[in-house]
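> Letter by letter, the chains look like this.
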Amino acid sequence: MSTKAQVTITKAGGGFLASSIVLVTGTLLLVRFGPGNMGKGFAVGGAAALIVFAFAVWRVARRPTDASSFEHSFTGVGDERDRRVAEKASAVVGLVSIPATGVAAVAVAMEASADVVLAVLLFGLIAVAVVSEIGAARRS
Amino acid sequence: MRNEIRRLREECGLSQGSLGAELGVSRQTVNSLETGRYDPSLPLAFTVARFFGLSIEEIFHVD
Chain A
1 MSTKAQVTIT
11 KAGGGFLASS
21 IVLVTGTLLL
31 VRFGPGNMGK
41 GFAVGGAAAL
51 IVFAFAVWRV
61 ARRPTDASSF
71 EHSFTGVGDE
81 RDRRVAEKAS
91 AVVGLVSIPA
101 TGVAAVAVAM
111 EASADVVLAV
121 LLFGLIAVAV
131 VSEIGAARRS
Chain B
141 MRNEIRRLRE
151 ECGLSQGSLG
161 AELGVSRQTV
171 NSLETGRYDP
181 SLPLAFTVAR
191 FFGLSIEEIF
201 HVD
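Chains as they are written, first to last, in our numbering: chain A, 1 to 140; chain B, 141 to 203.
A few chain B residues facing chain A, derived, Cβ under 7 Å:
| id | residue |
| --- | --- |
| 1 | Val-165 |
| 2 | Ser-166 |
| 3 | Arg-167 |
| 4 | Thr-169 |
| 5 | Ser-172 |
| 6 | Arg-177 |
| 7 | Tyr-178 |
Since the hints were made in silico from the structure, they are not lab data. We treat Cβ as the ideally placed atom computed from N, Cα and C, and that holds for glycine.
Whole structure, please, built from the sequences with the hints as guidance.
Following this line, the structure appears as structure tokens:
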């Protein structure tokens, strides 16, 4: 295994450990104090993110030349272009989130289910993040 | 901004991946530089120039 791959895995191990602690703590708190199935939802969402992270680490460590900008950034080994792509994608998400939150607030005020509105808002912003990341990576 | 990276790389007989490894960037970044889709930071431009033993002005040209 190359030194670069070892550094990637070491960095990722630290990130994975810290994320796991946040996931377990958050899940325990939400199961105890959160409404409905929020704890379970948090656990499933967090576990999915950790699986994606582990997959990205595996790809970056195995074949760094084939890994995408997102995978480089997500695993903390991105170069300046990867960081710029991530910044552009984050900027788009930030811009979209302001009117989207306003629309969500209006929907809740018009007696739409807050649970549904929040879920749509969350998954909508995740979709915007994915599309903007792909778009920024293609243009940069 | 146009640049001479592809020509210089091919003259050195390097792949995009190996040039990226020398410069400390990914293969995709070298590809983006060569196609002009990404303009490098000043530190990266200096790294490229030093690697090829040329000045920045000899490698990068403003359109």
